[in-house]
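J.: Next come the chains, spelled out residue by residue.
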Amino acid sequence: MKKPAALIGKNLSLGYRKGKQIHEVASGVSFELEAGELTCLLGPNGVGKSTLLRTIMGVLPPLAGELRINGKEINDYSKGELSKNLSVVLTDRLQVGNLKAEDLVSLGRIPHTGWMGRLGKNDLAQINVAISATKTEYLRNFPVHELSDGQLQKVMIARALAQDGEILLLDEPTAHLDLVNRYEIMFLLRQIARKANKAILVVTHDLEIALESADKLLLMPCGQPIISGFPEDLVIQGKLDTLLPNGKLHFHKKTGKIKPLTSNPPLDISGPGEIVPWVIAALEKSNLIINDDIIQIRLEADPFRAIVVINGVQLGCESIQQLIIQLQNSISPK
Amino acid sequence: MLFFLLSGVVCLLVWVLNLGLGSVAIPFTELVSRILGNEFSKSSWEIIFLEYRLPKSLTAILVGVALSASGLQMQTFFRNPLAGPFVLGISSGAGLGVAIWLMAGAVIGSLIPGMFGNAWMLFLAATAGSMAVLLLMSLAAWRVRDSMSLLIIGLMFGSLAAAIIAVISYFSQAEQLKLFTVWSMGSLGSTGWDQLMVFLVAILIGFSPAMYLAKSYNAMLLGENYAQSMGVNISRLRWIMIISTGILTGCATAFCGPIAFIGIAVPHIARMLLKTGDHRLLFPGSVILGAIVMLLCDTISQLPGSAQTLPINAVTSLFGAPVVIWLILRRNFSKEF
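Just so you know, the sequences run in chain order R and W. Residue numbers for the first sequence follow our numbering, beginning at 1070 and rising by one. Residue numbers for the second sequence follow our numbering, beginning at 241 and rising by one.
No wet-lab data here; the hints were simulated from the structure. Quantities reported herein were computed from a predicted structural model and do not represent experimental measurements. Note that beta-carbon positions come from the ideal geometry of N, C-alpha and C, so glycine has one too. The reader is advised that the hints may include incorrect statements.
Covered by chain R, per the in silico footprint, the following chain W stretches (three or more residues, Cβ under 8 Å) [claimed, not checked]:
| no. | stretch |
| --- | --- |
| 1 | 454 to 465 |
| 2 | 469 to 476 |
| 3 | 514 to 528 |
Calculated lysine-lysine pairs in the BS3-like style (CA-CA distance at most 27 Å, straight line) [said to hold, decoys possible]:
| no. | chain 1 | residue 1 | chain 2 | residue 2 |
| --- | --- | --- | --- | --- |
| 4 | R | 1190 | W | 515 |
| 5 | W | 418 | R | 1204 |
| 6 | R | 1141 | R | 1169 |
| 7 | W | 282 | R | 1169 |
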C-alpha cells in the first residue's frame, strides 16, 4: 500500500473560537501534501491562508473536519511531538541579538535535546546537514543582525531543517527579497524537498515564481474550495483566473503573465519572435484605442526597426517609444 | 569559561572590598584571616563585621542576583530591551503595600503598641503589595494573550500604584511620609540574619525555575510563534516567568526598597560581555554581574572614610541611567538587543 500523504486536510473548517462565538474564516478546505514535493499555496489576502497555516501549526484547533499529519490526527499530537514533525519559517520580525547564524540554526534542535539543551553528536550532525543543504556554510559565524534579508531567510530555512520534521511550512519566504533571491530561495526549497524528502508548503503571492518552481499548486480562491494540481495543468484549464475574480485581470496563457482584459482587435504585427511580445506588451500598456484604422507593423531586429503602415501611410521608428508616439499622433481621434 | 572564572574572582575581590570599606576601614589582611577562621585584632571590628558589614554585603549580593535574573527573564519574554522588574508593576505594588502600611496603617498600628515600625511588618506589607499586583497580572496574563499588551498593562499597574501612593502621601503626616521616603530610597543595611535566611530561600525558589527554563527562553528569542513551533508551552512559560520574577523582585523590594536600574542594565552588560544570546550562559553571567554591581554600588554609597552614607537607590541610578544611555548610543538596540 502507498504511504499516506504527509499532510492531509479533509473538509476542514478554519476559524477562531472566542467563548461561545465561532468566527469561521474558511470552510470545506481539503488538500494533500506529499513528501518530496514543493507545494505553493496561492490566494488573495484575507482568504484564510494564515488561518490555515496556524491550524496546521497546531495553534488553532480546526473547527471541523480532519487534519492528519503522517496519518495521525493533529489533536492527538502533543506540542513536543508535533514540533518533531513540523517546522516553520514565518514572517515574524526577528530580534535575536548576539546570536550567530550557527546558533540560530541550532535553536532548531530544541525539541530534540534534554532540559539543559546540550547538543549531542546527532544534533550537531543535523545542524551541519541543514547548513550545507541551504548553502550557508560561509555565514556560520556571522551575527544574525548583520545578515542581509536573503541570507537571513536561508538561515531561517536551515533552522527549520535542523528541526528535522518531515513537513516544512513557509509563510511568504520571498516577500521583501530581490528577484534573484526569490528564485534562489524557491529553487533551493524544491531541491531540499527532493533530496531530503520533505513535504514543503509555501504560502506566496509570487505567481510567476510559483509556476516555475512548484511541483504542485494549491489555489485558495474566495468562497470556493481549494483547487490543486500541477501548475501547468491549472494554467491550461484556466484555473488561475479563479484567483482574479473581479473580471478586470486575467492570466495570459501565452506569456504566463497577469494582464488586464482588453477588447482591442488584434493588430497585424510581424517580425522576429523575441521582439514581437515586447512590442505587444508596450502597446497594451499604452492604452491606445484603435478604432477603424488599418495598422500594420513590421519589425526588424539588430538594429531594432519598426515600419508602421497606418491607413496607407508608411513610417519608420527606431525604438518602441518612438513607435508608440507615432501611433498616438497618427490614430484618428473619434 | 574564562569569563566566569574572571568574574568569579572579581566578585570575590569586590566582596572583600565591600566588607573592608566603610566609615571604619578594616585592613584586608585582617579580613582575609577572619574569613579563614582567625580572630580580629580589634574586638570592635568583630561587631561591625558580623552584625553590620557581612549581612549587608550578603544582602547586596542577593539583591543583585534577584533583580538581574528577573530583568533578564522579562527582557527575553517580552522581547523588549527596556523591560525590567519595574515594568510589570511589581516594584510599584510592593511600594504601595509599604505606603499603605507606613502611612495609612499608622492609625491601626497605634492601636496595637509595638507593631508599628517592626521590620517584619514592613516586609509583609511589601510582599503583600507585590503579590497583589502579581495576582492581577496573572489574571491579565490569562485574558490577554500577547506580550506587548501585558507589558502595557504592567506599566499601567505601575502608574496606578504610584498614583495611589501619591494620594496617600498627600493625606499622611510628615513623620510617616519621611519613613516612606527613606524606604523608597532603598537600603541594604536593614536586613538581619533571620531575614537574610528568608531572603536566600526565596531567591533559590525564584531562581531555580528560570535556570531550568533557559532552553525555553532561548526559543523565545525568535518570538512566541517560533517558540511554540518548537514545542515550547508558552502559557506555562508565562506563568513561571511571572511567578519567578514576582518572587525575586517582590522579596528584593520588600527587604531593601525599590532598587532602580539593576534589573534593566545588568542583563545588557552580560549580553555585551558574553557576546551571546544563549540563556544557559546569560543567566549565570547576569547573576554574577548583578552581585558585583550591587556590591560596588553599596561600597560607593558608604562613602568610604566618612560617617555619611548615600541612599543606595541614588547610587544605582547614578550608575544605571548612564549605562543604559551609553548602551543605546553605542549599539543598534533594536537590532542587536
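J.: Need the list of violated hint numbers for this structure, in ascending order.
T.: 5, 6, 7
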